[in-house]
Amino acid sequence: MRKHLLEAGDLDRADATLVLDTAAQIEAALAGREVKKLPTLRGRTVVNLFFEDSTRTRISFELAAKRLSADVINFSAKGSSVSKGESLKDTALTLEAMGSDAIVVRHPASGAPHRLAQWVKGSVVNAGDGTHEHPTQALLDAYTIRQRLGRLDGVRVVLVGDVLHSRVARSNVWLLHTLGAEVTVVAPPTLLPVGVGSWPVTVGYDLDAALPKADVVMMLRVQAERMNASFFPSAREYSRRYGLDARRMAALPDDAIVMHPGPMNRGMEIAAEVADSVRSTIVDQVGNGVTVRMAVLYLLLGGSPS
Amino acid sequence: MTMSSELFSDLSAPPPLLTGDDVARVVDRVAHQLIERAASSAPDGAADGGLADLVLVGIPTRGAPLARRLAARIEAFTGTAVDVGTVDITLYRDDLRTRGVRALEETRLPAAGIDGRLVVLIDDVLFSGRSVRAALDALRDLGRPRAVQLAVLVDRGHRELPIRADYVGKNVPTSRAQQVRVKLAEVDGVDEVRVLNGGDR
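Residue numbers (my numbering), protein chains in the order written: chain A, 174 to 479; chain B, 119 to 319.
Only chain A is shown next, with the shape it has when bound in the complex:
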C-alpha cells in the first residue's frame, strides 16, 4: 500500500483486493461480538478535516477509527479559525503539530487532498474532493458488490445520472475498471464530463436499453448544490427519463442489485419503493463503509517495516 489514499488510481488490482480482503476479515472477526473494538491503532490520532457537509462519511470514518482504538479529532470548517481566514496549509500544519498521524479530508476544491499530502508527514485519506474523487466510497461499493454477487470480474455495472458532478462516479469508474468490472455510464449529455470519451466505460443515453444487461445499477445523486446552470429542463423530466422506478426495476435481471451512495433524493433519481426494495443495497453500503474504512486506516496506519 502507498502512504496516502488520494484517488482510486492509487490502488492497483492487488492493493484494491487487499483492502477488500482485509475488510472481509475484519467483518468476520467482529461478527457477533459484544465488544466491537480492536486495539490495533491505540495511541494513533486521526483527524477528520471536513470543509464540506457530510453525515455518513464523517461518522463512518469516525466510527472506523474508534473501532481500531485510534483517537479521533473532528474538525469542521464551520466554527474554526477557517472562518477567520486560516488557509488549508496552515490548518493542516497546526493539526500535524498537535500530533496527528492521519488526516481524513473532505474539501469542496478538487485536488485539495493532493496539496495536503505534499505538506504533511502523516497519511492523507481523500474523503471527497470537489467533483474529483471519493475513493473510499468506491471501495465500499466494490465490497458491497462482491458481497452480494460473489465476484467483481466481469460484473456489468451501470452508473446512472449526474456523472459530471459526481466524485463517486469517477472513483467507481476507475476502481471497478481496475477490478475487472464492465462499466456503462448512462446520463443526459449535459451531465457527462467533456473527457468521458477517454474513460474505460461505455457511454449511453437510454436507461431502458441498459437495464436488462445490468448486474448492478448505481444511481447517482442529482447534485443540486453544484448545478450552477440548467442541465435538464425540469426535475420531473429528469426523473421520467433517468429515474429508477418500480417499472424500470422490473426490467433488471433477477439477481441484479440497486445501489446509491446517498444521500438520496427520493422521487428524483430513485423512487422510494425501489430504495426500500430487497434489491437495494443502500443500507448495506453504509454498514460496509465502516468496515472498509477500518481496513483502509489499518493498512495506511498500521505501520511499516523499519
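Take these hints with a grain of salt, some might be off.
[Unchecked claim] Interface residues of chain A toward chain B, partial, derived using beta-carbon atoms under 10 Å:
(1) 206
(2) 241
(3) 244
(4) 245
(5) 446
(6) 448
(7) 451
Please keep in mind that the hints were generated in silico from the structure rather than gathered at the bench.
All figures in this text were calculated on a predicted structure; none of them were measured in a lab.
Note that the Cβ used here is the ideal one computed from N, Cα and C, for glycine as well.
Once you've looked at the hints, dock chain B against the given chain A.
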C-alpha cells in the same frame, strides 16, 4: 547454478528435527493428552468426557491446520466431534509499528461460541510468548472461556513473557540466532520441522 547450490544445501543441512511421521506421532500424542485432560477437568456430569466443552482454537497461519488435525484425531480416537475455530491475532500484535502491516487471516469461532468452555489455543512454535499474549487479548474480546490452555508443536524457549504451554509436542533448546521452521502439508505441501542456523534460509 541454482541446481548445484540446492544440492549443496541438501548435503550440508542437518536432518529435520521432526519428519512427517514424527509430526503425525506428536499430533496423536497431544490429541490423547487433550482427551485425558478434558475428561479430568470436565464439570461434574459432563457428557462426552468433557469433549463437548472443549474448543480448539488455532492461531493462523499454521496453528489453524494443527487445530483441525488435532480435532480429527480426537474424533478418530473417541468418536466425538470437537469444535474448532481460528483467531487471527494480527490486529492485536504489539509489534505492528515496527514490523509493518500484513494481510489479515481468518477469524472464525464455532457457532456455540467460547463462553464458559475450555479453550485450547493451538500454535506451531512457542518462542517469545507474544503471539500467545495477543491471542489471549483477542479471546478476551470474543467471550469469557471457563479456562484457556495452550498447545504447541514445538517449544523453543526464550520466553519474554510469563507464559507456558500446557501441551508440548517437542521441547527444542535453541539459540536466539537459530530459526525453527515448521512446515505443514496444508500450507507448505510437506510436514517437517527444521532448526536453521542464523543466516540459513
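Comparing the hints with the structure gives:
1. 206: holds (6 Å)
2. 241: holds (8 Å)
3. 244: violated (16 Å)
4. 245: Violated: closest Cβ of chain B sits about 18 Å from residue 245 of chain A, beyond 10 Å.
5. 446: violated (36 Å)
6. 448: Since the shortest Cβ distance to chain B is 33 Å, the answer is violated.
7. 451: violated (26 Å)
Violated hints, listed in ascending order, are 3, 4, 5, 6 and 7; each of the other numbered hints is respected by the structure.
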